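Trainee: Okay, here's what each chain looks like letter by letter:
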Amino acid sequence: MNQSNGTGGLSRRHFLATAAATSAALTAPAVLGQARPRVVVVGGGAGGATAARYIARDSKGAVDVTLVEPTRTYYSCFFSNLYIGGFRDFASIGHTYGALAAGHGINVVHDWAVSVDRDARSVGLAGGGSLAYDRLVLAPGIDFRPGSVPGWDLSQQNRMPHAYKAGSQTQLLRAQIEAMPQGGVYCMVAPPNPFRCPPGPYERISMVAHVLKQSNPSAKILIVDPKEKFSKQGLFEDGWQRHYAGMVERVGPDFGGDKVEVRPEAMEVVIDGEATKVDVCNVIPAQQAGRIAALAGITNEAGWAPVVAHTMQSREDENIHVLGDASQQGDMPKSGFSANSQAKVCAMAVRGALTDSSVFPARFSNTCWSLIGTDDGVKVGASYQATDEKIAKTDGFISEVGESAELRKATYEESLDWYAAISGDIFG
Amino acid sequence: MAEPKPRVKLPKSVTAGVPFRVRTRITHPMHTGLRHDGDGNPVPRRIINRFVVRYEGEVAISVDLEPAVSADPYVEFEMSVPESGELEFEWVEDGGAVYRLQRRIDVS
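These protein sequences, in sequence, are chains F and H.
Take the first sequence: its letter number 267 is residue 267 in the numbering used here, and every next letter is one higher.
Take the second sequence: its letter number 84 is residue 1084 in the numbering used here, and every next letter is one higher.
No lab work stands behind these hints, which were simulated from the structure alone.
These numbers come from a predicted model, not from an experiment.
There could be a bad hint or two in this list.
To be verified - DSSO-like mimics (lysine-lysine), calculated; alpha carbons at most 27 Å apart, straight line:
(1) F/Lys-277 - H/Lys-1005
(2) F/Lys-277 - H/Lys-1012
(3) H/Lys-1009 - F/Lys-277
(4) H/Lys-1012 - F/Lys-259
Claimed, not checked - Over 10 Å on every C-beta distance to chain F, these chain H residues come out as not near it, computed from the model:
(5) Thr-1015
(6) Pro-1019
(7) Asp-1039
(8) Pro-1042
(9) Pro-1044
(10) Gly-1057
(11) Val-1063
(12) Glu-1066
(13) Phe-1077
(14) Ser-1080
(15) Ser-1084
(16) Leu-1087
(17) Glu-1093
(18) Asp-1094
Backbone N, C-alpha and C define an ideal beta-carbon position, used for all residues, glycine too.
Isolated chain F, as found in the complex:
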């Protein structure tokens, strides 16, 4: 493991790398002769897969990259609402890892990471093996906070789906919406901040309304929401009024939206003590970083993993980087676009640390598109830079109420192009 940091002397980086090689030689003769630094990436979504791809591609084989992801086919949460609305088929949001393995030499391991030994620098797998690393990238996305919606837990997710990790849950929710009785009630229990994809629940409301307006126009949509305000609120409320007048009622904290429990057996939602019978109940619980982040001991009381903005390194362990939804980084929303953007900064920092390649000041960007109705797209986005404190917003933009139909259609079409482009950027 020969590294030069150009400044002479024994840098900490050099020392750690040498120490790792030595301990590997002592404990694992099988890897003797392995000179390449090792990166393990946990989580093959927008953050993890991008980081793996960029580290492998840009290091041209100088870094040994392993990606740990349990699913063979990844269904993107972004655009999964469009499947619910009938604007995408399900296969179109599914992605596999063959190109990362074949095109970039990434070692793709389909398994669950279940432990992190930070002293030994190794990741334990549910299947029994372990993976040693010089740098670990955690991009596990979200898990749900137990008990955040009284009456709901994972054992109830078939009766009351969350559909907030895309896949079978998304298909289940759409099937339940299609099976609603005429004039029935779809209820969403919306999550408190912070959560994955801030406009996501409200885009979903738009897509559910779009479906019901055609097949079940007397149906009602009830949103029970603990938040005073939500992302793109003016744009969504204007759109609901234009496309789906009289269909959508939102109960915020001013009417008890912050005091909700559910009774899955009875299909009831209890708002501030008053029970309402519903036909579909889409419970999106409060969220926290994917469990492996907590198991690694790098999360805070709120359940997220604080990071250094310049490099996406954990504030608890400089050998671990955290990306995307699981990280607490500052001003960026938890989105696939954000995770992809953070992954590129992370990849650059990891290569800089392990191979002494050039590292440039971190720049980030994000855009969140939402579809309100047919050809009625809106967006919000911003640019960001790294400060010592956080990822800080520098400037932003948002669609406006009253834009022309042409502009809204162009915004929607832009989102289709973005999806195609980012899918290629993430999965190769």
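Knowing the structure of chain F, use the given hints to seat chain H on it.
Mentor: Quick look at chain H alone, frame taken from chain F:
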């Protein structure tokens, strides 16, 4: 259109003679009578034109609503009561339909 849905938010308990906040809302399109539908036909006026709250049968507040009031009219006010009792909320629609809610207010 879906049936209008009234909602009321009250404190769990109040103190005799001390003002407390009451929030009310009813889902309603509040058609002004001035708009046209997608086919160019006028949409007839249909609004909630009156909102009344009674405490133990006595009018506590009465509000006349006009066509300029936006959809899902929201009315918030403060009141006080001398002792526990029944509050009745009443929304009157053009044409005479009435939507009601009853709530008990407990003085502690």
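Trainee: So which of the earlier hints does this model not fit?
Mentor: none
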